[in-house]
Amino acid sequence: MPADRERQLISDVQEGSHAAFRELVELHMRRVYDLAYGFVNDHDDAEDIAQEVFVKVYHSIKDFRQDSGFGTWLYRIAANTSLDRVKQRKRAVARLVPMEESQIAVAAADPGMDLIDTSAHIERALHELPTLQRAVVILRHMEGFSTKQVSGILKCSEGTVKTHLHRGLKKMRKLLYNVSEVRR
Amino acid sequence: MRHAEIRQLLYEYVRGELDAVQMKSIEEHLARCNKCFGEYQVVKEALRLVPVRSEHPSAERSAEFWDQFALAVEARTKASKKRIVATNPLVEEILSLFAFRRPLVLAGAGASLVILAALFVWSSGLLQPPSEGEYTQMLDGASTDPVRVELASYYRKSKILLVGISNMEPERGQRIDLTVEKEAARQLVQQARYLDSKSLDDRSRALVGALERILIELANMEEQADLPDVEIVRSGIRHDNMLFKIRMAESDMVVSQKNEMQTEN
Numbered sequence: 027m028p029a030d031r032e033r034q035l036i037s038d039v040q041e042g043s044h045a046a047f048r049e050l051v052e053l054h055m056r057r058v059y060d061l062a063y064g065f066v067n068d069h070d071d072a073e074d075i076a077q078e079v080f081v082k083v084y085h086s087i088k089d090f091r092q093d094s095g096f097g098t099w100l101y102r103i104a105a106n107t108s109l110d111r112v113k114q115r116k117r118a119v120a121r122l123v124p125m126e127e128s129q130i131a132v133a134a135a136d137p138g139m140d141l142i143d144t145s146a147h148i149e150r151a152l153h154e155l156p157t158l159q160r161a162v163v164i165l166r167h168m169e170g171f172s173t174k175q176v177s178g179i180l181k182c183s184e185g186t187v188k189t190h191l192h193r194g195l196k197k198m199r200k201l202l203y204n205v206s207e208v209r210r
Numbered sequence: 118m119r120h121a122e123i124r125q126l127l128y129e130y131v132r133g134e135l136d137a138v139q140m141k142s143i144e145e146h147l148a149r150c151n152k153c154f155g156e157y158q159v160v161k162e163a164l165r166l167v168p169v170r171s172e173h174p175s176a177e178r179s180a181e182f183w184d185q186f187a188l189a190v191e192a193r194t195k196a197s198k199k200r201i202v203a204t205n206p207l208v209e210e211i212l213s214l215f216a217f218r219r220p221l222v223l224a225g226a227g228a229s230l231v232i233l234a235a236l237f238v239w240s241s242g243l244l245q246p247p248s249e250g251e252y253t254q255m256l257d258g259a260s261t262d263p264v265r266v267e268l269a270s271y272y273r274k275s276k277i278l279l280v281g282i283s284n285m286e287p288e289r290g291q292r293i294d295l296t297v298e299k300e301a302a303r304q305l306v307q308q309a310r311y312l313d314s315k316s317l318d319d320r321s322r323a324l325v326g327a328l329e330r331i332l333i334e335l336a337n338m339e340e341q342a343d344l345p346d347v348e349i350v351r352s353g354i355r356h357d358n359m360l361f362k363i364r365m366a367e368s369d370m371v372v373s374q375k376n377e378m379q380t381e382n
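Chains A and B, in that order, are what the protein sequence lines are.
In case it helps, the working numbering puts the first sequence at residues 27 to 210.
In case it helps, the working numbering puts the second sequence at residues 118 to 382.
By construction, these hints were calculated from the structure, which means they are not laboratory data.
Check before you lean on any hint, since a few could be wrong.
Stated by the list, open to error - Quick list of in silico lysine to any residue cross-link-like pairs, SDA-like style, CA-CA up to 20 Å:
#	chain 1	residue 1	chain 2	residue 2
1	A	Lys-196	A	Gly-178
2	A	Lys-197	B	Lys-141
3	A	Lys-196	B	Glu-122
4	B	Lys-141	B	Leu-166
5	B	Lys-161	A	Lys-113
6	B	Lys-161	A	Ser-172
7	B	Lys-141	B	Tyr-157
8	A	Lys-174	B	Leu-126
9	B	Lys-152	B	His-120
10	A	Lys-200	B	Val-169
11	A	Lys-82	B	Glu-122
12	A	Lys-113	A	Glu-149
13	A	Lys-200	B	Glu-156
All chains, full assembly: derive it from the sequences and hints.
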């Protein structure tokens, strides 16, 4: 969609247009959902977060200024909402027992382990990262946002994004390395 | 470039996202710096172990899910709006019109003026708001007109049902059990058909008909409904300002009843 059209939609929503808001939701809903899923790894939670994001957008879009990027603003809300959900989950139940490298290795030794298990290990390793590192790895590496976009979404410098990406990937590699070695 | 700068660019380097000059510069640095080369190997291995997502999770959701998504957001927005505004249901009814529906703002403003006028009339003593006792009295036979008794009963039961539907706050993603509401709606539709066959003034006939349409919609819903289905009924209630109209009609009936009693005395 051309930027002009999106700007027009935002203006219309700010003036109370229901149709424009719906179009805006439909334009971004899949990407917001994917982003939320990256954080929570659960379809129901991703749906709930994505809806919550657009509710927040609706209530605060009157204060949104067109001189800043709508996408950056929207995905910042999505990232923050997702991170809040992850924090709530951790507080609610200590169900994600901190993963030990040895545990991954034992699990990986199971010859029946399939691709879904591999994916699950990646998700668990991801959730072992500190919050900002996890956010950077999801946004930059998994969701394919540019470094500049990620710095806008997370409100930090591009250098910080690069540093956290490097550290985050290093830590994930360390956590997942044993799995790879055992499988060979 | 310094070591720290090199390490910050290794991700883009491994993915081949840098320009030719930067690529060459890093390549030369890695050739002579063992420490940075070690870091490069780590990043390369990490990217092998953590692949870029090839398929989007959103693609696992059905087309129907995405068709309903914006509607679900809209419903949730209205629900969140309701929690923000005052608890007075009449105020809620009016304010909910403003959510998303700018074309209805004028209608909402008009309704507000009518409410203010009604409040003014009430406070002036010209029109007393009906009490539950007065309705009961009418239903108990104080009114000699059986159609009027039936009409009062129809309004009262419909109001209870519609308020119940409007105030539902189901859990996200869970289906809503409407068994009781559907049965009540079916009985009220029967009552509406009885009233349709009787002589009513134009205003009462219009209100009975408008209510009947909503009740039929409710009676025809599945017993285990989705939130968007319920939202359609709710939007009908709000759009027609139905609860306000019922209250006004009830007030008119009580006043009319009182006037008749005074005339008889």
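Tested hints:
{"no.": "1", "hint": "A/Lys-196 <-> A/Gly-178", "verdict": "violated, 23 Å"}
{"no.": "2", "hint": "A/Lys-197 <-> B/Lys-141", "verdict": "violated, 27 Å"}
{"no.": "3", "hint": "A/Lys-196 <-> B/Glu-122", "verdict": "holds, 16 Å"}
{"no.": "4", "hint": "B/Lys-141 <-> B/Leu-166", "verdict": "violated, 26 Å"}
{"no.": "5", "hint": "B/Lys-161 <-> A/Lys-113", "verdict": "violated, 30 Å"}
{"no.": "6", "hint": "B/Lys-161 <-> A/Ser-172", "verdict": "holds, 19 Å"}
{"no.": "7", "hint": "B/Lys-141 <-> B/Tyr-157", "verdict": "holds, 14 Å"}
{"no.": "8", "hint": "A/Lys-174 <-> B/Leu-126", "verdict": "holds, 13 Å"}
{"no.": "9", "hint": "B/Lys-152 <-> B/His-120", "verdict": "holds, 9 Å"}
{"no.": "10", "hint": "A/Lys-200 <-> B/Val-169", "verdict": "holds, 18 Å"}
{"no.": "11", "hint": "A/Lys-82 <-> B/Glu-122", "verdict": "violated, 38 Å"}
{"no.": "12", "hint": "A/Lys-113 <-> A/Glu-149", "verdict": "holds, 16 Å"}
{"no.": "13", "hint": "A/Lys-200 <-> B/Glu-156", "verdict": "holds, 12 Å"}
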